[in-house]
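Chemist: Starting from the structure of chain A, add chain B where the hints point.
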Amino acid sequence: MDCRAALEKIDRKADGLLPREAEVELSAHLDGCPACAAEDAAISATGDVLRALTGIRAREKSPALDAMWTRVRAGIGESREELRRPSWVARWAWIPAAVALAVLALLFYPAGTDRSPFHPSTFDVAVEDVESEVATVALVDKGEGLPRVIWIIEDA
Amino acid sequence: MNEREKGGVPDDALIRATLAGDDGAFAELMERYKGRAFAVAVGIVGNGDDALDIVQDSFIKAYYKLKEFRFGSNFYTWFYRLLVNQAIDRWRKSARSAEVPFDESWLSEDASPPDAFAYPRTPEDLLRDRELGDALQRALDALPEYHRAVIVLREVDGMAYDEIAKVLGCSVGTVMSRLHYARAKLKESLKAHREG
Numbered sequence: 315m316d317c318r319a320a321l322e323k324i325d326r327k328a329d330g331l332l333p334r335e336a337e338v339e340l341s342a343h344l345d346g347c348p349a350c351a352a353e354d355a356a357i358s359a360t361g362d363v364l365r366a367l368t369g370i371r372a373r374e375k376s377p378a379l380d381a382m383w384t385r386v387r388a389g390i391g392e393s394r395e396e397l398r399r400p401s402w403v404a405r406w407a408w409i410p411a412a413v414a415l416a417v418l419a420l421l422f423y424p425a426g427t428d429r430s431p432f433h434p435s436t437f438d439v440a441v442e443d444v445e446s447e448v449a450t451v452a453l454v455d456k457g458e459g460l461p462r463v464i465w466i467i468e469d470a
Numbered sequence: 006m007n008e009r010e011k012g013g014v015p016d017d018a019l020i021r022a023t024l025a026g027d028d029g030a031f032a033e034l035m036e037r038y039k040g041r042a043f044a045v046a047v048g049i050v051g052n053g054d055d056a057l058d059i060v061q062d063s064f065i066k067a068y069y070k071l072k073e074f075r076f077g078s079n080f081y082t083w084f085y086r087l088l089v090n091q092a093i094d095r096w097r098k099s100a101r102s103a104e105v106p107f108d109e110s111w112l113s114e115d116a117s118p119p120d121a122f123a124y125p126r127t128p129e130d131l132l133r134d135r136e137l138g139d140a141l142q143r144a145l146d147a148l149p150e151y152h153r154a155v156i157v158l159r160e161v162d163g164m165a166y167d168e169i170a171k172v173l174g175c176s177v178g179t180v181m182s183r184l185h186y187a188r189a190k191l192k193e194s195l196k197a198h199r200e201g
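Line by line, the protein sequences are chains A and B.
In this text, residue positions in the first sequence follow this note's numbering: the first is 315, and each later residue adds one.
In this text, residue positions in the second sequence follow this note's numbering: the first is 6, and each later residue adds one.
Rather than coming from a laboratory, the hints here were simulated on the basis of the structure.
Note that the structure is a prediction, hence the values are computed from the model and not measured.
The reader is advised that the hints may include incorrect statements.
To be verified - When the alpha-carbon atoms are kept at most 16 Å apart in a straight line, the in silico EDC-like pairs for lysine to aspartate or glutamate are as follows: (1) Lys196(B) - Glu150(B); (2) Lys70(B) - Asp28(B); (3) Lys39(B) - Glu374(A); (4) Lys72(B) - Asp139(B); (5) Lys190(B) - Asp139(B); (6) Lys196(B) - Glu353(A); (7) Lys66(B) - Glu392(A); (8) Lys72(B) - Asp28(B); (9) Lys196(B) - Glu396(A); (10) Lys39(B) - Asp380(A); (11) Lys72(B) - Asp17(B); (12) Lys66(B) - Asp94(B); (13) Lys375(A) - Asp58(B); (14) Lys375(A) - Asp54(B); (15) Lys375(A) - Asp55(B); (16) Lys190(B) - Asp146(B); (17) Lys190(B) - Asp329(A); (18) Lys190(B) - Glu396(A); (19) Lys98(B) - Asp58(B); (20) Lys66(B) - Asp28(B); (21) Lys66(B) - Glu396(A); (22) Lys66(B) - Glu395(A); (23) Lys190(B) - Glu353(A); (24) Lys66(B) - Glu150(B); (25) Lys98(B) - Glu150(B); (26) Lys375(A) - Asp362(A).
Extracted from the complex, chain A is given alone in its bound form (with noise of 0.2 Å):
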């Protein structure tokens, strides 16, 4: 075996994809090839390495990690707050949908309708007798098949 097909199977051996006898034959040439050697045992080490190093990471924080369900219940009891509050988003929402549909009515109210728009220029006023001390009621009365305006002019 020559060191490029050894540097193959020193892959494939860390991918655990090398089959057994491949392994015995590179073995064989590990053992009298020094650079291949350094090279299997560097990849081979990778892992453990790398398990060592979150091992000390995990030792760092491992208080903190025994108080986790603290911490996620904690962070649970939180979120639910968030959630039942409304957002901000839904608090302002009604604020440009009112503006549009205001538009909207100004725009398109007099179309799609022979009806001219209504403007009272005279009122054929007639004030309610209410019972109350605080407010005049008045209906605007335009005609037929026009709508009855009712005005609540709260008294001074």
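Modeler: Same frame as chain A, now just chain B:
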């Protein structure tokens, strides 16, 4: 059955109990996977505090998304997808530069000195060769995030290629090529450190 479930309540049963309102069942589920989750997160972001936040946020997210879990599939594959995405997002957002120093208090007196040719195999051995640990961390940091995720899932968590592919949403072939690339880069850093 997952190996973590042996002798215990299956993951699926804990998920059903959680969905029925039993938070204690979710706590048990979390206890099963928090260690592995931390190892994966810290392998990707390289910082213990960030990794703790990632694990916490991932479990909170999992709690609220649990109703989307498809019974019959692996909980940990499903959960790791959340975890790895959180870790990668965190990595992208953070301008990471500070290395976490090794804590020498973990050094035990009876730890064996490093052999001239052998590489550290345990945390204690690695602590005796701090420069090697730093070199490996730098090599990890230099990897693209999905390559880092692949090698961490494979080498630290021991996941199979097809499971990694499910977690990362890519093909097994992509997993293998990323793994090959990542391993080669880490190997270069180990060799360079040893030879330099």
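Chemist: Each of the hints needs a verdict: does it hold here or not?
Modeler: Taking the hints in turn, this is what the structure says about them:
1. Lys196(B) - Glu150(B): violated (22 Å)
2. Lys70(B) - Asp28(B): Status holds; Cα separation ~14 Å.
3. Lys39(B) - Glu374(A): holds (15 Å)
4. Lys72(B) - Asp139(B): violated (42 Å)
5. Lys190(B) - Asp139(B): holds (14 Å)
6. Lys196(B) - Glu353(A): holds (8 Å)
7. Lys66(B) - Glu392(A): Holds. Lys66(B) to Glu392(A) sits at ~12 Å (cutoff 16 Å).
8. Lys72(B) - Asp28(B): Holds, at about 14 Å.
9. Lys196(B) - Glu396(A): Given that 16 Å is the threshold and the Cα spacing comes to 51 Å, the pair is violated.
10. Lys39(B) - Asp380(A): The given pair, whose Cα atoms are some 9 Å apart, holds under the 16 Å limit.
11. Lys72(B) - Asp17(B): The given pair, whose Cα atoms are some 12 Å apart, holds under the 16 Å limit.
12. Lys66(B) - Asp94(B): holds (14 Å)
13. Lys375(A) - Asp58(B): holds (11 Å)
14. Lys375(A) - Asp54(B): holds (8 Å)
15. Lys375(A) - Asp55(B): holds (11 Å)
16. Lys190(B) - Asp146(B): Holds - the C-alpha atoms of Asp146(B) and Lys190(B) are around 11 Å apart, at most 16 Å.
17. Lys190(B) - Asp329(A): holds (15 Å)
18. Lys190(B) - Glu396(A): violated (44 Å)
19. Lys98(B) - Asp58(B): It holds: about 14 Å lies between the C-alpha atoms, which stays within 16 Å.
20. Lys66(B) - Asp28(B): holds (14 Å)
21. Lys66(B) - Glu396(A): Holds, because 14 Å separates the two Cα atoms, which is no more than 16 Å.
22. Lys66(B) - Glu395(A): With Cα atoms ~15 Å apart, Lys66(B) and Glu395(A) stay inside 16 Å; holds.
23. Lys190(B) - Glu353(A): It holds: about 12 Å lies between the C-alpha atoms, which stays within 16 Å.
24. Lys66(B) - Glu150(B): violated (21 Å)
25. Lys98(B) - Glu150(B): holds (12 Å)
26. Lys375(A) - Asp362(A): It is violated: about 20 Å lies between the C-alpha atoms, which goes past 16 Å.
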